[in-house]
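Asker: Two chains, two separate frames, one set of hints: put the complex together.
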Amino acid sequence: MTDLNKLTLFQARQGLKSKKFTAPELVQSCLNRIKSLDKKLNSFVTIVEENALKQAKTVDINLPLGGIPLAVKDNYLTKDIRTTASSKLLDNYIAQYDATTIDKLKKAGAIIIGKTNLDAWAHGSSTESSDYGPTLNPWNTQHLPGGSSGGSAAAIAADETIISVGSETAGSIRQPAAWCGVVGFKPTYGRVSRYGIIAMKSSTDSPGPICKSVDDAATLLGIMSGHDPLDATSIDEDPWKKPESRQNLNGLKIGLPLSYFPSQIQPEVKEAILKAAEIFKKFGAQIIELPDVLDPKYSIAVYTILQRSEVSSNLARFDGIRYGHDRSFFGTEAKRRIMLGTYSLSAGYYDAYYLKAQKVRTLICQDFDKQFQKVDAIIGPVSPTTALKVGASKGQAMFGELQDMLVEPSSIAGLPGISIPCGFDKIALPVSLQIIAPQRREDLVYQIAKLFEDNTDYHLQRPTL
Amino acid sequence: MSDNSITDAVFQHTARLSRLEIKPEEASIKDQLIEAAKYVKVLDELDTKDISPTFQVNHKNNVLRQDKIEPSLSQDLALSQAKKVSNGYFETAPTINKNK
Chain A
1 MTDLNKLTLF QARQGLKSKK FTAPELVQSC LNRIKSLDKK LNSFVTIVEE
51 NALKQAKTVD INLPLGGIPL AVKDNYLTKD IRTTASSKLL DNYIAQYDAT
101 TIDKLKKAGA IIIGKTNLDA WAHGSSTESS DYGPTLNPWN TQHLPGGSSG
151 GSAAAIAADE TIISVGSETA GSIRQPAAWC GVVGFKPTYG RVSRYGIIAM
201 KSSTDSPGPI CKSVDDAATL LGIMSGHDPL DATSIDEDPW KKPESRQNLN
251 GLKIGLPLSY FPSQIQPEVK EAILKAAEIF KKFGAQIIEL PDVLDPKYSI
301 AVYTILQRSE VSSNLARFDG IRYGHDRSFF GTEAKRRIML GTYSLSAGYY
351 DAYYLKAQKV RTLICQDFDK QFQKVDAIIG PVSPTTALKV GASKGQAMFG
401 ELQDMLVEPS SIAGLPGISI PCGFDKIALP VSLQIIAPQR REDLVYQIAK
451 LFEDNTDYHL QRPTL
Chain B
1001 MSDNSITDAV FQHTARLSRL EIKPEEASIK DQLIEAAKYV KVLDELDTKD
1051 ISPTFQVNHK NNVLRQDKIE PSLSQDLALS QAKKVSNGYF ETAPTINKNK
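Taken in sequence, the protein lines are chains A and B. If you read the first sequence in the numbering used here, its first letter stands for residue 1, the second for the next number, and so on. If you read the second sequence in the numbering used here, its first letter stands for residue 1001, the second for the next number, and so on.
For reference, chain B alone in the conformation it holds in the complex (with noise of 0.2 Å):
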């Protein structure tokens, strides 16, 4: 395994992919991440040089169904949850053209 040290900026970027913000009360986490990595790192003492991973255990792979429309939830009740709606769609933050 790798070297895991958790840099602050390695626990930045980490909060930035995850999209949290890590308020200052909860800044332990990155000491309890570390904590864990160091833990994980038991598995070194097992040989898994010519094993395949496991990805799921009961082996099912490309399960298709066939391309018909089944009933589903209506516009009104799939939007019934949403905080915005617009024009009968969710309304969300915009990513591009942010000062528009």
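Excised from the complex, chain A in its bound form (with noise of 0.2 Å):
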């Protein structure tokens, strides 16, 4: 069989076990297409192919995720493979262990073909800030992948894994999903483990896979879901277990948040949005304006402050001394954040700042359960825009904020969302969903997501490369 690589979760498992091909050749499938595409798309910082080959002829194949190749962003920590977070700084570190979620992904079975390349320490939506080069964008390489997951999206836009994992702390799944056409779930914050991942915004990161449908990402979560003891953050629950899907949506509420389509937005965006909401409409749920949803303008700046702030304090742990080189390897955007978030949490300046973004904090938690009483579920765009040109965040302090205006609400309030191709723009360039539920409700998210895969046809699409 040829193009073993395009399969997707689903599809790669079904044919493993018929036998129709084995695990090495799956594995090898993705490699070459890896060897093929790579050196033009920069997806990957490491590629791990003889240790996948190695793994793939003995893997039991019954296993959940038995022999599926999985390309993993940078700043998971994984055993003997090295982990850069895209930063020169951390250009020679092997990880002694692997985060938990990597734990739990090799004993169901996955197969680590490589480590994709993200905005160096996960900083910016473009992934044009990697110390290992821009990645770019498989629908048309002279436009970014988003980011900061821009590796692992752009890795499955282009076929060169089955599955792969994100994480997200303002956008980083959902919005290079967007960007790429493919599906990023982001899952609730502390549904899923973030030990052994590179801290950046301890208080909103959120670790999530990153697919080719819907079905493979619920899957996935499932898998990497459950109580950590070594997250004090971790949700104390079983891993999350994909529900029944949908034939209909009788009885739900949809709302549509007008501060969700801002005056910038691109206008094929919105008409998509607009669309798809239609399909919702036309499948039972009601669909409701929320006319009062704060402002998403509050969101950037609070999650400028908080990022800031958190990133000064989780970067202080590289010294040079335990691993990796000195803070002189450290590139201009990191210490443009590290920077501010020092000044917001220095004497004089932490209740203007940090102490203020923390109270308008509780208002976007309180705007959400405000609004969750009129609706079940919440959608709009994830980017006002679709994959903007490589070069386009140079120089912009606020470029990441900007580009993830829409879905920083969300994470700021530690809610689960999913990001679903749901049309094109005049140059072929993906235009996506989001889809937001209250905290622990990702059940829902996959319901709706799942019911307009099955009545579109927008990720079956595939970039000619």
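Once the Cα atoms are required to be at most 25 Å apart in a straight line, the calculated PhoX-like pairs of lysine-lysine come out as:
hint : chain 1 : residue 1 : chain 2 : residue 2
1    : B       : LYS1030   : A       : LYS335
2    : B       : LYS1023   : A       : LYS394
3    : B       : LYS1068   : A       : LYS104
Hints listed in this document are in silico derivations from the structure and should not be mistaken for laboratory results. A quick note: this is a predicted structure, and the numbers were derived from the prediction, not measured.
Answerer: Following this line, the structure appears as structure tokens:
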């Protein structure tokens, strides 16, 4: 069989079990694709060829992910495999242990084929700030893949892997998934352990899957989730289980926040989201306009302060003593963020910045509570635009914040959300829809997304490469 | 919010607190800091007088574990990524009596 790399997780599992092909053939197919494409796309920082093929020969294919090629964002610690966070500061760092999620994915039989590119330290929404060069969008290599999990999203869109994992702090799963036209599932904060993932903004960091279909992403989320005693903010719940899908959305109220359609929104994005709302309506959901959702501009400001503050604290550990190089290896973007964070936490400014932002965070959470009394779930665009051109982020201090303005509020409140393809713009770049639900209601997110996917074919489109 | 004029002195002090050396070609960081500090002033539009801060969204606190020794990294493995090791310890730059 050729083109095994193009399979979804579901299809690959079926093929392996029915012995249509073997795990080494599947892994080799993805590695071949990486070899032929990655000089152009740069989705991967490290490729794990020898070990992956070795493991594929002995893996038990009856495991939930037995023999399935997995691409891992390079901020997950992977034992004996280099982990750089796309920063030269960690260029030579070999993790001594696996992140909890990596341990779970390995135990489920997944085979790591490589570590994917990201904005250095996950600071950004373009993958352009990587010290290993930008990743390019497989739909159009003059455009960005989004970020920070841009490598994982591009690898999925380009069929360089079957499944991938990313991490989201405020958009870093949903936004690159949207710009690359794939599915990104951001869980409730605490649903998936943060242990062993290089900390960025600890109070919102949420690891999650980026895949080719809603079912693939939900399956992976189930495997990654569950309480972890090594992460003090981990939810005390069993692993999440994918619920039954729905044939209709009767009785469901879906909210459309008017403030999620800012003036700078690309008309084709707006059009695609309103068209999606019509589909939900056709299947029985009641679409309710939400006129009074807090303006996302406040979330941008809250996120800017809190992210920088937590970054300045989290990146203080990189002193070059226990691992990695010294602090002179930080790039300009990391320095900019550490500086603003240190400033907002320093004596005399703490109340005005950090504390004020944490109070507004309360208002954002309260606003969602209020909206969820009126509706069961909220939909909107993931990003105000489709993928921007390479170079767009350069010299823009607030680039990421503005691109992520529509996913920041739900991240700040720790809500689950998904990004799914829902259209294309004039130059054939993907447009995506996000679905947000109250904390711990991934079941609802899944059911709404799955119904949309079952009744549309946007997720089946692939870029020509 | 207080006046956030980021003077050269404040900028240098922040760099020192951050343990960062800002190279001449990175001087634009200062302007971008001022720009970001100006942007976040939008929060002043919201009244937060009687609002408590939310530091953490799943409201867990005082998460403790039993004081029991669990398996952990071996000393060799823990030291394996260090540039300088001495007698089974990480070697750091001196912080006192630097000239001795």
